[in-house]
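Participant: Each chain, written out:
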Amino acid sequence: MMPDTTTLLGLCAAALVGLGLYGLIVHPQPLRKILAFNILGNGIFMICAVIARRGAGAGFGGDPVPQALLITAIVVAFAASALAVATLLRLHGETGDTSIAPEAPAGGKTGGH
Amino acid sequence: MIEALNLILVTMILGLAAWTIVVRDTFAATVGFLVYGLLLALAWVSLRAIDVALTEVAIGAGLTGALLIGAASRLKQVVTARGDEPGMLTRLMAGLVSAAVAGGLAACILALPEPAPTLAEAVAANLGATGVGNPITGVLMAFRALDTLLEATVLLFAVVGVWSLAPDRAWGGRAGPAHRSDPNGILAYLGRVLPPIGIVIAIYILWVGADDPGGKFQGATILAAMWTLVIMAGLVDVPPVSRTSLRLALVAGPAVFIALGAVGAAAGGAFLAWPAGLEKALIVVVEVALMPSLAVTLGLLLAGAPGRPA
Amino acid sequence: MTAGLQDITTPGGLLLVLAVLLPVIGLLAGLVLGGRHARSAALVTIAAGLAVALAVADAVLVSGGTLVYLMGGWAPPLGVLLRADGLSAAMMLAAAVVVAGIAVYAGRDFGTARGEPESRRSLAFWLLLLAVWSGLNLVFVTRDLFTGYVALEMLTFAAVPLVCLDGKGETIRAALRYLLFALAGSMLYLLGVFLLYGMYGTVDMALLAERAGPDVTTIAAIALLTLGLAAKTALFPLHLWLPPAHSGAPPAASAILSGLVVKGSWFLVVRIWLDVFPGVVTVTSAELLAAFGAAAILAGNLVALRQQRLKLLVAYSTVAQIGYLFVMFPLAAGLTAAGLDDAPARSAGLLQAVSHALAKAAMFMAAGLIYKSVGHDRIAELAGSARAMPLTLLTFALAGIALMGLPPGGAYAAKKLFFDSTAATGLGWLEVVLNAGAFLTAGYTVLVLAHALRPAGALLKLESRPSRVGELSALALALASLLLGCAAADMIPGASLAGAFTPAGILSALLILAGGVAIAGAFGLQLPWAGRGGGPAAALVALRRLTVAVGVLVVRADGALRQWPVATTTLLLAALAFAAVIAAGT
Chain A
899 MMPDTTTLLG LCAAALVGLG LYGLIVHPQP LRKILAFNIL GNGIFMICAV
949 IARRGAGAGF GGDPVPQALL ITAIVVAFAA SALAVATLLR LHGETGDTSI
999 APEAPAGGKT GGH
Chain B
1157 MIEALNLILV TMILGLAAWT IVVRDTFAAT VGFLVYGLLL ALAWVSLRAI
1207 DVALTEVAIG AGLTGALLIG AASRLKQVVT ARGDEPGMLT RLMAGLVSAA
1257 VAGGLAACIL ALPEPAPTLA EAVAANLGAT GVGNPITGVL MAFRALDTLL
1307 EATVLLFAVV GVWSLAPDRA WGGRAGPAHR SDPNGILAYL GRVLPPIGIV
1357 IAIYILWVGA DDPGGKFQGA TILAAMWTLV IMAGLVDVPP VSRTSLRLAL
1407 VAGPAVFIAL GAVGAAAGGA FLAWPAGLEK ALIVVVEVAL MPSLAVTLGL
1457 LLAGAPGRPA
Chain C
1291 MTAGLQDITT PGGLLLVLAV LLPVIGLLAG LVLGGRHARS AALVTIAAGL
1341 AVALAVADAV LVSGGTLVYL MGGWAPPLGV LLRADGLSAA MMLAAAVVVA
1391 GIAVYAGRDF GTARGEPESR RSLAFWLLLL AVWSGLNLVF VTRDLFTGYV
1441 ALEMLTFAAV PLVCLDGKGE TIRAALRYLL FALAGSMLYL LGVFLLYGMY
1491 GTVDMALLAE RAGPDVTTIA AIALLTLGLA AKTALFPLHL WLPPAHSGAP
1541 PAASAILSGL VVKGSWFLVV RIWLDVFPGV VTVTSAELLA AFGAAAILAG
1591 NLVALRQQRL KLLVAYSTVA QIGYLFVMFP LAAGLTAAGL DDAPARSAGL
1641 LQAVSHALAK AAMFMAAGLI YKSVGHDRIA ELAGSARAMP LTLLTFALAG
1691 IALMGLPPGG AYAAKKLFFD STAATGLGWL EVVLNAGAFL TAGYTVLVLA
1741 HALRPAGALL KLESRPSRVG ELSALALALA SLLLGCAAAD MIPGASLAGA
1791 FTPAGILSAL LILAGGVAIA GAFGLQLPWA GRGGGPAAAL VALRRLTVAV
1841 GVLVVRADGA LRQWPVATTT LLLAALAFAA VIAAGT
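The listed protein sequences derive, respectively, from chains A, B and C. Residue numbering for the first sequence is 899 to 1011, as defined by our numbering. Residue numbering for the second sequence is 1157 to 1466, as defined by our numbering. Residue numbering for the third sequence is 1291 to 1876, as defined by our numbering.
Treat the hints as calculated values from the structure; they're not laboratory data. Ideal Cβ placement from N, Cα and C applies to all residues, glycine included. Don't take every hint at face value.
[Said to hold, decoys possible] Anything over 12 Å on all C-beta distances counts as not near chain A; from chain C, calculated: (1) Val1334; (2) Ala1585; (3) Ala1633; (4) Phe1709; (5) Arg1755; (6) Arg1758; (7) Asp1780; (8) Met1781; (9) Ser1786; (10) Phe1791; (11) Gly1805.
[Unchecked claim] If you want a taste of the chain C side facing chain B, the calculated C-beta under 7 Å gives, among others: (12) Leu1318; (13) Gly1362; (14) Trp1364; (15) Leu1417; (16) Ala1421; (17) Thr1437; (18) Glu1443; (19) Phe1447; (20) Pro1451; (21) Tyr1490; (22) Gly1491; (23) Ala1510; (24) Ile1796.
Could you build the full structure based on these sequences and the hints that come with them?
Facilitator: Encoded structure:
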């Protein structure tokens, strides 16, 4: 009746991806976007872990190749977050505000000319 | 019984994630994220991915959580301009399209092939030739060693990028505030007692990672955490980015990796191939060289861009 | 691990490893040595890397072989493979040439004199330049989709700090926006990669090509991969980050960002659509991709015409030129569907990419020289600059001519290859768009030149003379783009320049130029000599009001699309749309 663990976690992962995407689109504050990006990333990583679990065999609990890919991806995602946070803090330090909304429409004046 | 536990775990994970997305206060969201990250590690354990669970706890929840909490506390007084807040239509569209993607993804997951294609047998068959017993270490350090080398490179690029974000007046200086703490207080105490233990644990995890879950990433994270603790306790200051020894520490790992890879090209027939009989030894040398570099790199990424002059 | 015959390491394969790792070694050395040695380390590395790229080009393009390298001796699906075919070798050579040109151009601007303390800006520039180059070479030679993900992140982490290298507030904002959108794209790409592993147990391109079939998950993966890459390539309407980022970066950085970085993610789209899944993607979905490209060409060029600042104009020109890169996809799909070799499509795409890389780098370099010498980049106030800096404006003109698709430029050869192919019969609408694009490109080139050629009231006071070395390096790149067609005529069948210099050919070239003048007058900024005369001038004024209104409308639409929630929602909608279109055609 209940889906087995792996499928359950797979569906959980899909939900995390959806939540992360929603947060990424909707929050104006970049720090919240970075948080949402991490949740999105976790959902994607969980899908990979589900795939790894399904590939269990030869005495291993899971397929080692996707698990290894996951470790690489987790580390790279941290580096990405670190770069994003550093850029955000610099933006705050330089302008006092953290919005990434564009300042003025391209083309400047739109009348006459 | 186990099914119920998993269901509870999933509910908590999704609940915390949703709360993190929806809650108004950013600082609260980052704390929620940290807790959620720890729960996520349980999910990895449930999926028999122990190495990944260790990495997730260390880097995904631990370091990332610390990074985000630090940023949230520095940005506490930022207020969103009225015009920036998304309207009802934006939220609706965003919700619909995210739900659609999530739904499509769920359909794909349910449609994954049975029996699942896997490389487990191939790994098992070839693991002996790599000299290590942990299959994930085998993949990371032998079969797909290029990805690991490039990953160390990507981290270094990120450090250069973060450093470049320093204001000109602070170039060559130190990141973060100068920490002062009561020399008799608890933080200073922990800063003196924990690091030696942490170092031993890190070395243990590194050593054991050859044949059991563990490895240099997890060990490096512990070292980075110990270093950050010592800095926060005021016992040591963040080194200035202009210091050559710091830069040498950063490049030593990737440099050794590339050099040994070249040895492989000369002796073993291919770049990053380990000559027969020397595999385990060379892999250990690379990991030992990489771990301190990784620790310094992770610590520096956590510390951020230089903000005060040396 | 047994492997197919084509997967055995070839002699010379080590060159591919060198191409990726030499810039990294240069970065390691430059970081440790610091100060002015960073630049020296970079220059030495660039010279060595250029030699490697030439060697690869010789082995592949001249001798007609493919270079393969099995990393660590392990073959896919367990191991990782590097392979360079003609497409890779040509892109690697183009990248090396552009990087070398930029290094020469930037030498003085980012140099540190003896005895001066280390400068953040200079150190970061040289190290990040090497980092970008390493990532690019990896993209060009990887045959593994996950290694491709790492390569994309190498590119992004190196490119983003280049945007805000000067440290001004708006550029930091642009950098953050770029980073966040690029990361969204990376995540979609990574998701696609994992789904493919779940389906086929490998992420190697060749093995996937053998095993792939048109099922739901595969189609979803292709849509995710494509849109993730499109976000990083700033394909319209996902271009929100590009104009502020490329216009705010220092000119040497803009040159590499517009010239090469956006080509990296495009290259992976080419690999995925032409090498990995030619049997799964449908002609209709390829036409949809080209439709985005067409929108880019039209909107990008129109908005460029309305710009008041030169660097923003050049940035929007990049948005438009990226559209050209996606025109090759329906051609390739059509040829594959008809059972023919898709070489004309590949060559057309390659020529377009290389000629744009050279010309756009030259254009940004020229714009940078103008900004430095005149003190600003407001187009309407450039009067007298042509007289004061003739070489720079000549470079700008030549770059514009190359981008317009006039012979003997690479873009001309690309267009010719495209339209001479019989499989292009159903793509007449695309031909119309490409021609319109040529007119519009001519329009803004003429516009800038018209303002620059106008004699100044008082002699234009230059704040500083443009660096001769800088001017010459920019000119060299512009000429390279303009003469690319000659090289192509030798090496690519079907790309001959025979038709270019006939009366008909010359007439069509003149027509494009004339059209450019008309468009500059109609849509662009007020031309210096307009607004005089009576009679028919009234009708012209009314016409101008109309065209300017159209231009303003397009600018407003562009502004709306560049809002973050709109762009990210569009990204996801497009992914869903692509999946649906591919599925419908299967």
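Participant: Does Ala1421 (chain C) hold up as a contact with chain B if the rule is Cβ-Cβ below 7 Å?
Facilitator: holds, 5 Å
Participant: For Arg1755 (chain C), is the shortest beta carbon distance to chain A beyond 12 Å?
Facilitator: Non-interface label stands for Arg1755 (chain C): nearest chain A Cβ at 29 Å, farther than 12 Å.
Participant: Does Ala1510 (chain C) pass the interface check with chain B, least Cβ-Cβ distance below 7 Å?
Facilitator: Holds - the Cβ of Ala1510 (chain C) comes within 7 Å of chain B, reaching about 5 Å at its closest.
Participant: Per the CB criterion, is Tyr1490 (chain C) less than 7 Å away from chain B?
Facilitator: holds, 6 Å
Participant: Please settle this one: Val1334 (chain C) was flagged as non-interface, so is its CB more than 12 Å from every CB on chain A?
Facilitator: Nearest chain A Cβ is 28 Å from Val1334 (chain C), so the label holds.
Participant: Can we confirm that no CB of chain A comes within 12 Å of the CB of Ser1786 (chain C)?
Facilitator: The claim holds: Ser1786 (chain C) sits with its nearest Cβ about 40 Å from chain A, beyond 12 Å.
Participant: Since Arg1758 (chain C) was said not to touch the interface, does its Cβ keep a gap of more than 12 Å from each Cβ of chain A?
Facilitator: Holds, because the least Cβ-Cβ distance between Arg1758 (chain C) and chain A comes to about 33 Å, which exceeds 12 Å.
Participant: Going by Cβ atoms only, is Ile1796 (chain C) closer than 7 Å to chain B?
Facilitator: Status violated, d = 49 Å.
Participant: Going by Cβ atoms, does Ala1585 (chain C) stay more than 12 Å from chain A at every point?
Facilitator: Holds: least Cβ distance 16 Å, greater than 12 Å.
Participant: Verify the interface restraint on Gly1362 (chain C): the C-beta must sit less than 7 Å from at least one C-beta of chain B.
Facilitator: Check passed: Cβ of Gly1362 (chain C) comes within 4 Å of chain B, closer than 7 Å.
Participant: Does the CB of Glu1443 (chain C) sit less than 7 Å away from some CB of chain B?
Facilitator: Hint on Glu1443 (chain C): holds, closest Cβ of chain B at ~5 Å, below 7 Å.
Participant: Holds or violated: is the Cβ of Gly1491 (chain C) closer than 7 Å to a Cβ in chain B?
Facilitator: Holds - the Cβ of Gly1491 (chain C) comes within 7 Å of chain B, reaching about 3 Å at its closest.
In this structure, the one hint that does not hold is number 24.
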